[in-house]
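Novice: Letter by letter, the chains look like this.
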Amino acid sequence: MLAEALVAQNIAFGIIAAVMIVGAFRVVTSDNVVHAALWLVCVLAGAAAQYLLVYAEFVAITQILVYVGAVMVLFLFGVMLTRARIGSESNLNNKNWALGIPVALALFAAMAIALVGGFKDEYLPGPSKAIRIDTQSISDAIFKPYLLPFWALSFVLLVAVIGAIVLARKD
Amino acid sequence: MLAIDVLLDKIDLTAVLIVLFKVVVVFIIGLVATMFMVWFERKIISGMQNRIGPNKAGPFGILQTLADGIKLFFKEDLLPDRADRFVFRLAPFLAFVPAFLVWSIIPLGGDFTNGKGGAIKIFGRYTLVQLADPPIGVLLLLALSGIAVYGIMLAGWSSGSKYPLLGSVRASAQMVSYEAALGLSIAAVLLVAGTLSTNGIVAVQTSLSKWHVVATGVVPFVIFLIAATAELNRPPFDLVEAEQELVGGFNTEYSSLRFALFFLAEFMNTVTMSAVIVTLFFGGPQPLKFEQGSLHFNGNLHLGVLNGTVWFIAKLFVFLYIYVWFRATLPRLRYDQLMNLGWKVLIPASLGWFMLLAAQRVATDNNWNKWAVSIISIAILGVCGLLLMAATRASAKNREREGAMF
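As given, the protein sequences belong to chains G and C, one line each in that order.
Going by my numbering, the first residue of the first sequence is number 321, and it counts up by one from there.
Going by my numbering, the first residue of the second sequence is number 629, and it counts up by one from there.
Honestly, the hints are just simulated from the structure, not real lab data.
Label pairs and their computed distance ranges (CB to CB):
| # | chain 1 | residue 1 | chain 2 | residue 2 | range |
| --- | --- | --- | --- | --- | --- |
| 1 | C | V990 | G | P422 | 50 to 56 Å |
| 2 | C | F649 | G | S408 | 44 to 50 Å |
| 3 | G | L468 | C | I1004 | 23 to 29 Å |
| 4 | C | R1029 | G | T402 | 24 to 30 Å |
| 5 | G | V339 | C | I657 | 28 to 34 Å |
For every residue, glycine included, the Cβ atom is placed at its ideal position computed from N, Cα and C.
Please work from the sequences and hints to get the whole structure.
Specialist: Quick look at the structure:
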């Protein structure tokens, strides 16, 4: 069992996970909006690196492309357009920040239970019989059995886009 | 995992050394090509403007870039008092490193005849003439161009000065807008090629009619060329550093080595983007073959392993020249024209063309009448285009009534 364990991958997982936790912590404690956004980039890129460790290259690169390359860039763009000051700002914290902690813990517990319950005894195969999740199998999965959830998700995005237009236009 | 190369079937000392050799060669080629590009651009533009251009350092002034580089290296490195120190130092690297990394996935040569798949034999081993051939190749390119935005954006913000911030806000808006059109025109190529790997994309373009510029019907190529120019912030889309308005754009506060990194990144991006165009649309290192009656030419220049590389460089030069030509002749767009072109012309056009190609693909798969499918889809796309035009016209009229600027 131990021989089949992916030692290098596990060590890398630990290091990246530590970086991600520190980054996530700094997102909420940083006293500059742009710095907080950059720490968030760190966390998202770390997630991409974790995907790489489990042989999911396509998911990893999509994570970079969508979250780091598009979402965070727009985020930073919005911040710069409105209130990007250099140096620390004192009024970044909401008064109700303490309420966030139990909510975050509850979300974490829900996700942990779902993940542990869902993948109880499944392990990644060892390096000797490494699986390859190629792009084709992902598209086959999305556009065949998971087509309906995929459509539902795209409708959520469509609603967000239309909502943004309604908010932004003046007439 | 990330690099699939015949060389790596058996990993031993030779393989490691060949990979190291390739890393060094690609690094040096990248730097030299960039230095050359700076000189090339100055020389060609001065020719077009009836000037002499650099002519003092070395033959034809070819060492001018080196002299400029050394000068920049020894200048004082200024750090503005109101700058955000860490981000100010980080930004040039965020611009420079992605520009360099794109080189690693471009096939710089190779032998694609007789199903060799681009592998050549050096030091007794078969290997690809590219640093890495990840199965997600082209997506890596898009991801890197997404990361490059950070360099410009953060440089402007961290300078703690008004004009750089304006420049970087313009830059990020422009680059994000044109990335969509860029991605959609690449999608057309991927649809025809059926693979994401850059080596695979080159391998399917075996003859002139299969070069993607022809196989995808020119439109994606034109859209890609325009969107890539905007992505590079080169004229006519250089509003990012519009000198008259913004002093020098996002890099106003930079000096010395950090400025040199931005400068290098900008020119290296020009070279890599030309290389990407050659790879995606013009067959990369594939030779130009033609058979016209008695006149035929199989593209073999009798150069052995360098055959593909020579073809690649020849094609690369055409696009380098085109970029310089753009810069010397086209006037800069106004900001609203830039945004209109990106959102109202390029994105719908690339999306429509992608749908057309997809319809044709479905028709071939199902043995439908190709012409009927094409005509029906063109008609539908035409109706959609007219609707879009009507919509933008109505919205423009509304805005005019309100007295909005654009």
